[in-house]
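**Student:** Chain by chain, the residues:
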Amino acid sequence: MRLAEWQTRMRDTLLGPGGFDPALLARLADPPDQRERRLSVYRNNVRHALFSVLEAAFPVVRQLIGAECFTATALTFITEHPPQAPVLYAYGSDFADFLSSFRPLTELPWLADVARLEWARNEVLFAAESAALTPDQLATVPPEELGGLCIGVRPTTHWLASDWPIHAIWAAHQPDGPPLETVDLHQAESVMIWRRDGVVRQELLTAGESALLTAFTAGRPLAEVAEAGLEQDPALDFSAALARWLNESVLEEPIMDISLPHACGSSP
Amino acid sequence: MPTSRKRATLPAQAGIGLRHPHLPAFLAAPQPVAWLEVHSENYLAPGGPRLAALERLRSDYPLSCHGVGLSLGSAEGLDAAHLARLRGLYDRLEPAAISEHLAWSTAPDGTFLADLLPLPYTDELLTIVAANIERAQEALGRRLLVENPSTYLRFQQTDWDEAAFLSELVRRTDCGLLLDVNNLYVSAANHGGDPEAALNALPLAAVGEIHIAGHARVATSWGELLIDDHSSPVAEPVWALLTTTLRLTGPRPVLVEWDTQIPELPVLLAEAERARICLREITNAPG
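Chains A and B, in that order, give the protein sequences.
Taken in order, the first sequence gives residues 1 to 268; the numbers are from the working numbering.
Taken in order, the second sequence gives residues 1 to 287; the numbers are from the working numbering.
What the hints contain is simulated information worked out from the structure, not anything from laboratory work.
One thing to keep in mind: the hints can contain errors.
Residues on chain A that point at chain B, a partial pick, calculated with CB under 10 Å [to be verified]: (1) Gln7; (2) Asp33; (3) Pro83.
Even glycine gets a Cβ: it sits at the ideal position worked out from N, Cα and C.
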């Protein structure tokens, strides 16, 4: 058996749920009654390594469905979706999608969105640094140019909208969090997750604030961002939201020199 | 030798594997350890507090980067994207040494199995691994240290024993050897071999770094199987084998690894202190 074929068979037997491939066992020099036990060391190592990654990334999902169910679910995921690159900080990106279609768990419709929230926290933790726009920098922009200013959202800022109370469910599973019984499971929530000073943070967004982040990301100038937010929520305090996000390092310094007059989009 | 730029070398002293739970202690105060090693794959993310911490510590401690994902034994060759990721990290950190394993972890379809899987030491494999090492040294711009693996099974069809295979790799590729003394002990115990005989057969002049770690003993129907799980203190026979090794190689950088059930930092530092004493004893010994 050539090395490539042997490695393909090893892949299948280590990830597979069944017994060991007899063709592999037949190639070993160890006594026949020891071969499965020896091969099982590697199967255990592979599963343990990948399981540990998922366990660390999805602690709330694990609490929600229980350790035993989480283990069975994660092992099925590992078999069906093993990593395709040796970059394990990125392993689990499609776990939420898997959960949403995993039949044994479909009676927990909010579970996949909680997993998306946990994955967003993981992505925020490992996202690249970029220069944050500070309140002082923004203060140097002449008032007449503010409306045309394009401000981006930092790679360390994510947000997601859910039909379920994902922030409340998540908070109920933190140390000293409120009990899960107090959560209204029919409440839709939008959450912003961001990193400041190396720590991942998250908070609820109002509908207006969600509209602001969407408009920022679309590259729209500040005046249009404000309009989009107020259209969604006439009671939105745009200045207060902007000031808070500047203090929290949520927004990105524009690529162009902020002291120069500039606007978004193509020049006329 | 693909390297041309002059770089710092690892000191022939005791170091420890730097793990995430110990980052705060290292950031808060200098720790009594001569050098640090990290798993390269734990620092490939584009940003975040761990990478920032390592970049800070980098200026205070000589650093070794230990790869656990390049899969030198892959039949289909190395993953170009992964080589590029590692090159980026190494150019950023400028480690004093880089290493990989005589093992495989990436299957022909690209699946990463997250373990150091065993290889049959055949002529076919020798050609494959030698080519992979040469490509890696070229792409990374540095000499690789290649680590002897801990193994739990043996193959019927082999053309080489492990020591001879490693010697031939060193000869063909000019790579160095990362001698894991615990792996040597674990593999010998699991296959009924003599670790000192295996030690003497290795290309010891090529040893650029030494690893020691704890292992577990698991009962089986035929006796004990030793599992290289890095979850406990270094076993007494491994300390003895370390001293034997150092008498043969002379002083070398010695690293204590502890990867699961990670203890408080002082426990790990005490292991490094014992390694320091081993190093001092062999340098003071006559002859």
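**Student:** Would the hint on Asp33 of chain A be counted as holding, given a Cβ-Cβ threshold of 10 Å to chain B?
**Tutor:** With a closest approach of 7 Å, the Asp33 of chain A hint holds.
**Student:** Should the hint that Pro83 of chain A touches chain B count as held when the rule is a Cβ pair under 10 Å?
**Tutor:** holds (4 Å)
**Student:** Is the interface hint satisfied for Gln7 of chain A? The criterion is a beta-carbon contact with chain B at less than 10 Å.
**Tutor:** holds (5 Å)
In summary, the structure agrees with every hint in the numbered list given earlier.
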